Amino acid sequence: MNALDYVVLIGTLVGIALYGTWQTRGRRNLDGYLKGARNTPWFVIGLSIMATQASSITFLSTPGQGYESGLGFVQNYFGAPLALIVIAAVFLPMFRKLNVYTAYEFLGRRFDQKTRLLGAALFLVQRGLGAGITIYAPAIVLSTVMGWSLNATIISTGVLVVAYTAMGGSDAVNLTQKYQIGVIFAGMVAALIVLLTKLPAWLSFGDALTLAGGLHKLEAVDFSLNPDRRYTIWTGVLGGMFLALSYFGTDQSQVQRYLSGASLRESRLGLMFNGVFKIPMQFFILLLGALVFVFYQFERPPVFFNQAAWAGQAAKGDPAPLRALEADFAAAHAQKKQQLQAWIEAKHAGDAAGVATARAAALAANERVEVIRDQAKQAVGPGGGKKANDSDYVFITFILGYLPHGLIGLLVTVFFAAALSSKAGELNALGSTTTVDFYRFVIKRGADDQHYVKASKWFTALWGVVAIGFALFAHLAENLIQAVNILGSIFYGVVLGLFLVAFFLRRVGGTAVFWGALAAQTLVFVLYATTVISYLWFNVIGCGACMLFAVVLQGFLPTRVQPPPGSATA
Amino acid sequence: MTSKQGQEDPDHVKSSAVAGQDEAVPSRAQVDDEVTGLPGLRSWRAVYLFVLGSFVLYVVVLAWFTRYYS
Numbered sequence: 000m001n002a003l004d005y006v007v008l009i010g011t012l013v014g015i016a017l018y019g020t021w022q023t024r025g026r027r028n029l030d031g032y033l034k035g036a037r038n039t040p041w042f043v044i045g046l047s048i049m050a051t052q053a054s055s056i057t058f059l060s061t062p063g064q065g066y067e068s069g070l071g072f073v074q075n076y077f078g079a080p081l082a083l084i085v086i087a088a089v090f091l092p093m094f095r096k097l098n099v100y101t102a103y104e105f106l107g108r109r110f111d112q113k114t115r116l117l118g119a120a121l122f123l124v125q126r127g128l129g130a131g132i133t134i135y136a137p138a139i140v141l142s143t144v145m146g147w148s149l150n151a152t153i154i155s156t157g158v159l160v161v162a163y164t165a166m167g168g169s170d171a172v173n174l175t176q177k178y179q180i181g182v183i184f185a186g187m188v189a190a191l192i193v194l195l196t197k198l199p200a201w202l203s204f205g206d207a208l209t210l211a212g213g214l215h216k217l218e219a220v221d222f223s224l225n226p227d228r229r230y231t232i233w234t235g236v237l238g239g240m241f242l243a244l245s246y247f248g249t250d251q252s253q254v255q256r257y258l259s260g261a262s263l264r265e266s267r268l269g270l271m272f273n274g275v276f277k278i279p280m281q282f283f284i285l286l287l288g289a290l291v292f293v294f295y296q297f298e299r300p301p302v303f304f305n306q307a308a309w310a311g312q313a314a315k316g317d318p319a320p321l322r323a324l325e326a327d328f329a330a331a332h333a334q335k336k337q338q339l340q341a342w343i344e345a346k347h348a349g350d351a352a353g354v355a356t357a358r359a360a361a362l363a364a365n366e367r368v369e370v371i372r373d374q375a376k377q378a379v380g381p382g383g384g385k386k387a388n389d390s391d392y393v394f395i396t397f398i399l400g401y402l403p404h405g406l407i408g409l410l411v412t413v414f415f416a417a418a419l420s421s422k423a424g425e426l427n428a429l430g431s432t433t434t435v436d437f438y439r440f441v442i443k444r445g446a447d448d449q450h451y452v453k454a455s456k457w458f459t460a461l462w463g464v465v466a467i468g469f470a471l472f473a474h475l476a477e478n479l480i481q482a483v484n485i486l487g488s489i490f491y492g493v494v495l496g497l498f499l500v501a502f503f504l505r506r507v508g509g510t511a512v513f514w515g516a517l518a519a520q521t522l523v524f525v526l527y528a529t530t531v532i533s534y535l536w537f538n539v540i541g542c543g544a545c546m547l548f549a550v551v552l553q554g555f556l557p558t559r560v561q562p563p564p565g566s567a568t569a
Numbered sequence: 000m001t002s003k004q005g006q007e008d009p010d011h012v013k014s015s016a017v018a019g020q021d022e023a024v025p026s027r028a029q030v031d032d033e034v035t036g037l038p039g040l041r042s043w044r045a046v047y048l049f050v051l052g053s054f055v056l057y058v059v060v061l062a063w064f065t066r067y068y069s
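Those protein sequence lines, which keep their order, are chains A and B. Under numbering that gives the first Met the number 0, the first residue of the first sequence carries the number 0, and numbering increases by one thereafter. Under numbering that gives the first Met the number 0, the first residue of the second sequence carries the number 0, and numbering increases by one thereafter.
Simulated from the structure, these hints should not be mistaken for lab results. Everything numeric in this text was worked out from a predicted model, so none of it was measured. By construction, the Cβ of each residue, glycine as well, lies at the ideal position given by its N, Cα and C atoms. If a hint is listed, it holds; no wrong ones were tucked in.
To give a feel for the contact side, a few chain A residues facing chain B, derived at Cβ under 8 angstroms:
1. V220
2. G274
3. I278
If you anchor each label on the Cβ, the simulated ranges turn out as follows:
4. B:L51 / A:V193: 34 to 42 angstroms
5. A:P92 / B:G39: 17 to 25 angstroms
6. A:P279 / B:L37: 12 to 20 angstroms
7. B:V60 / A:Q306: 33 to 41 angstroms
8. B:G39 / A:G14: 37 to 45 angstroms
9. A:V188 / B:V60: 17 to 25 angstroms
Model the full structure from these sequences, guided by the hints.
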């Protein structure tokens with residue numbers, strides 16, 4: 000990166016943060032601070048929902064996933080439109096009718112206060128423990144590639160996001176996210192345009208798709224019923240819908256975004272905006288990765304993209320095996336390049352037999368390249384035949400190697416803007432839930448709005464400090480990101496169960512659902528400790544068990560028909 | 000939401016001319032919530048069907064894309 004790139008990076012990030020803080024200065028009442036001025040139009044809500052969900056990992060790692068595994072990951076988002084329809088039709092009207100600040104406040108109105116506190120506590124534990132990841136994950140990749148100090152990267156990112164989120168509240172988050180997502184889209188489209196211009200002149204866009212498809216990078220939909228397949232349309236629709244319902248419907252970082260809408264209509268349209276555009280956006284990012292793969296068929300990539308780790312491995316021990324792998328890789332890559340050229344020449348000549356022959360040869364050459372890459376990943380991996388993850392470094396390596404200065408700065412800005420926008424949504428939600436569901440409700444009742452706004456700012460800042468601290472020490476724990484994902488899955492299911500009981504099982508009261516949720520959570524803990532079930536299933540088990548236990552327990556308690564929430568207050 | 004009789008409020012109520020009955024007319028905010036404001040998609044059911052239809056279209060197009068380039 001040169002001076003121009005740094006000007007673009009720092010100017011854009013600080014400029015957006017300052018603008019957001021200045022525009023939202025003087026928010027004095029709790030309603031304005033937590034929900035915004037309630038004048039947010041639907042497209043801002045839509046962009047804000049998108050920006051909160053899409054962290055920098057989405058833009059750093061997803062192209063790498065497209066490079067390595069193709070488009071299949073897009074199926075993970077197939078459940079999102081269906082879940083968003085359910086949330087817009089059922090969840091959202093109830094939240095707005097009751098005029099709640101947090102999703103857990105709704106549980107208090109529908110059941111009782113102990114259930115509200117349980118839901119809020121589960122959210123805070125899960126989201127609070129994962130708070131550092133959205134800062135740590137991009138910082139580790141970018142500091143490694145750029146040679147920056149990891150700690151300085153974490154602290155500067157963290158302080159910036161804490162400052163404008165704490166000062167401006169929900170409006171500042173929405174406002175800055177609008178511009179941040181604009182920068183993100185502009186950067187990704189610019190990267191695609193430059194990428195297409197960097198492909199060989201004789202290779203058309205259609206030819207590039209032919210090569211990517213022929214090398215199995217464009218398999219977007221898999222109808223297989225084989226349970227060993229990681230991404231299929233069935234897991235995408237069922238599992239994806241379940242996850243999206245939990246995330247968009249019960250996670251305060253998302254609920255707070257759409258509660259800031261000027262009306263029910265604006266909030267609904269914001270959700271529907273995501274229902275329509277989420278899948279194309281993910282498809283575009285994955286396709287970008289698949290096209291980077293095609294680009295690297297004609298420009299030799301490093302055998303291992305994380306060059307810092309590769310150099311570190313060479314410095315640690317005997318570098319000869321690594322040099323041998325590099326030489327093998329260069330030879331195999333050159334051979335593959337020839338086969339691919341022959342394939343396209345045969346295609347242009349209309350020679351079907353030549354296409355089939357060249358394609359078979361190219362596939363065999365690709366297989367050899369992949370074997371060498373696997374050996375390289377094992378060489379840098381933690382040992383025991385385990386492979387190092389390299390896909391996070393694919394896109395950033397392409398950006399730094401082939402994009403012009405200025406655009407490099409813009410793309411690095413994209414990664415940081417994504418980190419800031421998702422972190423801001425999380426901090427905003429953590430601060431709001433701590434203030435509304437615990438501080439105002441349990442510790443200090445009856446104070447004026449200014450007091451609660453001040454408290455909310457302090458809680459937001461406190462969670463920011465927790466996130467920065469967690470990110471600074473994240474490297475001490477191995478597989479930390481996976482550990483946090485597991486933690487999330489352990490709690491998400493039960494929280495969703497609480498909300499589904501609230502919406503759909505009106506005969507179940509607070510006591511039954513409270514103890515049912517605790518029993519379900521205990522069951523999930525026991526299963527986690529004693530079985531080897533994939534952690535994604537804990538979402539399903541936690542939710543199902545919570546609903547089942549609540550219904551069974553209600554059978555032993557005095558029957559009470561619960562009026563629809565809000566019927567007395569509307 | 001009911002009207003406050005006698006007050007001028009453009010967002011609020013007008014009297015029904017039928018049989019001298021006062022009929023609460025929804026405020027503009029309520030009306031905004033009921034109408035989608037989208038051309039061609041006048042009810043929320045239509046909006047949901049549109050989102051569902053776009054999802055089905057994506058799946059069909061992606062399935063075709065997969066088949067065509069495999």
